[in-house]
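> As a plain string of letters, each chain reads:
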Amino acid sequence: EAQVTQNPRYLITVTGKKLTVTCSQNMNHEYMSWYRQDPGLGLRQIYYSMNVEVTDKGDVPEGYKVSRKEKRNFPLILESPSPNQTSLYFCATVSSNSYEQYFGPGTRLTVT
Amino acid sequence: AQSVTQLDSQVPVFEEAPVELRCNYSSSVSVYLFWYVQYPNQGLQLLLKYLSGSTLVKGINGFEAEFNKSQTSFHLRKPSVHISDTAEYFCAVSVGNQFYFGTGTSLTVIP
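Chains as they are written, first to last, in this note's numbering: chain A, 1 to 112; chain B, 1 to 111.
Accuracy of the hints is not assured; some may be wrong.
As the list claims (entries may be wrong) - With a straight-line Cα cutoff of 25 Å, these simulated SDA-like cross-link-like pairs (lysine to any residue) come out:
1. Lys58/B with Gln71/B
2. Lys69/B with Gly43/B
3. Lys18/A with Tyr64/A
4. Lys49/B with Glu30/A
5. Lys57/A with Leu46/B
6. Lys57/A with Ser94/B
7. Lys57/A with Ser30/B
8. Lys65/A with Thr5/A
9. Lys58/B with Leu19/A
10. Lys58/B with Val11/B
11. Lys71/A with Asn7/A
12. Lys57/A with Gln71/B
13. Lys65/A with Gln10/B
14. Lys65/A with Leu19/A
15. Lys49/B with Tyr102/A
These are computed hints drawn from the structure, not numbers from a lab. All values derive from a computational prediction rather than experimental measurement.
Turn these sequences into a full structure, and let the hints steer you where they fit.
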């Protein structure tokens with residue numbers, strides 16, 4: 001079954017404590033992406049990756065880092081989280097054939 | 001930066017009535033267009049997409065959308081809605097390698 005998995009699904013942390021949200025896909029897609037979803041703002045792209053070792057900033061990259069060392073994994077790193085990064089985060093992949101975007105189940109992050 | 005405007009944040013509609021959810025985008029270059037649906041506490045699911053060809057696109061669950069290049073619009077329609085269509089709907093645009101989403105329209109189907 002085609003899947004995008006994210007872990008953890010829920011996370012409560014404190015300001016300044018580094019955290020990583022993992023994302024993994026089993027579809028062999030080259031394109032992967034991270035979004036944050038906030039009420040009234042829709043989804044905004046944080047970072048995306050066209051392939052291994054290739055990453056680019058999206059619309060709201062400040063305060064985030066990513067890496068793409070393997071095709072299947074695309075972790076999101078918050079080195080010093082702040083309360084304004086409290087949000088619902090989605091990882092997604094894109095099929096280069098159909099251009100369909102497949103989303104993970106989401107990670108709800110709360111930074112206090 | 002590109003922008004995607006969903007003009008209606010909330011749309012209430014009675015069951016079996018038709019509905020149109022509006023979407024306009026700002027790009028003057030070639031774009032790919034998408035509509036996604038999000039049910040409560042779930043991720044997003046693709047409803048339909050326009051990449052090229054016919055401007056009338058049919059998707060899942062009886063939804064369709066029409067691409068209008070001159071008006072830079074991609075409105076979503078369904079001739080008869082069901083209770084199960086209650087959800088959040090997002091219009092999205094792909095320009096180059098980036099994706100831009102609208103702020104969403106909450107569709108509520110009233111019995």
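> Look at each hint and say if it fits the structure.
Hints versus structure:
1. Lys58/B with Gln71/B: At roughly 20 Å apart (the allowed maximum being 25 Å), Gln71/B and Lys58/B satisfy the hint.
2. Lys69/B with Gly43/B: violated (29 Å)
3. Lys18/A with Tyr64/A: Given that 25 Å is the threshold and the Cα spacing comes to 11 Å, the pair holds.
4. Lys49/B with Glu30/A: Answer holds: Lys49/B to Glu30/A is near 20 Å, not above 25 Å.
5. Lys57/A with Leu46/B: Roughly 24 Å separates the two Cα atoms, so the pair holds.
6. Lys57/A with Ser94/B: holds (15 Å)
7. Lys57/A with Ser30/B: At roughly 21 Å apart (the allowed maximum being 25 Å), Ser30/B and Lys57/A satisfy the hint.
8. Lys65/A with Thr5/A: This hinted pair holds, its Cα atoms lying about 19 Å apart.
9. Lys58/B with Leu19/A: Distance ~41 Å between Lys58/B and Leu19/A Cα, so the pair is violated.
10. Lys58/B with Val11/B: holds (21 Å)
11. Lys71/A with Asn7/A: Roughly 17 Å between the alpha carbons, so the hint for Lys71/A and Asn7/A holds.
12. Lys57/A with Gln71/B: violated (29 Å)
13. Lys65/A with Gln10/B: violated (34 Å)
14. Lys65/A with Leu19/A: Between Lys65/A and Leu19/A the Cα gap is close to 11 Å, so the pair holds against 25 Å.
15. Lys49/B with Tyr102/A: Given pair Lys49/B, Tyr102/A holds - Cα atoms ~13 Å apart, limit 25 Å.
Consistency with the previously given hints fails for numbers 2, 9, 12 and 13, ordered from lowest to highest.
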